[in-house]
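S.K.: Full structure from sequences and hints, please.
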Amino acid sequence: METKCKRNGCKKPYNENENNDQSCKHHPGKPIFSDLKKGWTCCNKIVYDWDDFMKIEPCALGRHTNVEVTEGGEFYQSKTVQNAQKGIDNFANNAPQPVRKIDDYNKEEAEKKKLQEQQQAQVQKQIFVTPGGKYKCTNKGCLKEYDPKENTECFYHTGEPCFHDLKKFWTCCKVEKYDWDEFMKIPTCAKGSHTPKVV
Numbered sequence: 001m002e003t004k005c006k007r008n009g010c011k012k013p014y015n016e017n018e019n020n021d022q023s024c025k026h027h028p029g030k031p032i033f034s035d036l037k038k039g040w041t042c043c044n045k046i047v048y049d050w051d052d053f054m055k056i057e058p059c060a061l062g063r064h065t066n067v068e069v070t071e072g073g074e075f076y077q078s079k080t081v082q083n084a085q086k087g088i089d090n091f092a093n094n095a096p097q098p099v100r101k102i103d104d105y106n107k108e109e110a111e112k113k114k115l116q117e118q119q120q121a122q123v124q125k126q127i128f129v130t131p132g133g134k135y136k137c138t139n140k141g142c143l144k145e146y147d148p149k150e151n152t153e154c155f156y157h158t159g160e161p162c163f164h165d166l167k168k169f170w171t172c173c174k175v176e177k178y179d180w181d182e183f184m185k186i187p188t189c190a191k192g193s194h195t196p197k198v199v
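Residue numbers for the sequence shown follow UniProt numbering, beginning at 1 and rising by one.
What the hints contain is simulated information worked out from the structure, not anything from laboratory work.
Just so you know, even glycine gets a beta-carbon here, dropped at the ideal spot from N, CA and C.
One or more hints might be untrue.
Said to hold, decoys possible - When the alpha-carbon atoms are kept at most 20 Å apart in a straight line, the in silico EDC-like pairs for lysine to aspartate or glutamate are as follows:
| # | residue 1 | residue 2 |
| --- | --- | --- |
| 1 | K12 | D51 |
| 2 | K168 | D35 |
| 3 | K6 | D49 |
| 4 | K197 | D147 |
| 5 | K6 | E16 |
| 6 | K4 | E18 |
| 7 | K6 | E176 |
| 8 | K101 | E117 |
| 9 | K30 | E68 |
| 10 | K12 | E160 |
| 11 | K11 | E176 |
| 12 | K45 | E57 |
| 13 | K55 | D147 |
| 14 | K37 | D179 |
As the list claims (entries may be wrong) - Ranges of calculated distance between the beta carbons of each label pair, as one might list FRET restraints:
| # | residue 1 | residue 2 | range |
| --- | --- | --- | --- |
| 15 | M54 | K101 | 36 to 44 Å |
| 16 | S193 | N44 | 17 to 25 Å |
| 17 | D35 | E109 | 37 to 45 Å |
| 18 | T130 | K177 | 27 to 35 Å |
| 19 | N44 | T130 | 28 to 36 Å |
M.R.: Below is the structure:
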């Protein structure tokens, strides 16, 4: 009798009689969703496209398990909210604020300018075309191929995917699931135009 593996990056059916230490290719780390970045802490690989994230090759071998795995813990959380809260607490407590050096300021401004240039270059990149002559939509929850000559509607999620404890949901829908396959089946909540993938 086959059982479905619970490890991140695997989720495949397996037979316990054939299960061994080399059977399961998986991610032992945490999924990363920080700003536009996506990846796994165990792989040290960051991508920006959801398709590319789903294609990241698992980096560990082990036995399949049907027990919900918590080895990665919660998903990686950005420090932005934490740092903002520290600033609020410092202001409320009248804590002295550190003096910024002009060199540090200039460095930050240069980094911001570089980021803006990279974003502009991203927009100017060519649209990705499949071998069949279709475009690939990058809207979350859609990701379908479509003919740009046809006026087809796009059904997608406006929010971000969230993975907290064992729960999986979209911020725009708040429909919580625990199984990865069920999460992937959550109906989209918005309708609009496709956004083509660029290369």
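S.K.: Which of the numbered hints are not met once you compare them with the structure shown?
M.R.: 3, 8, 10, 13, 14, 16 and 17
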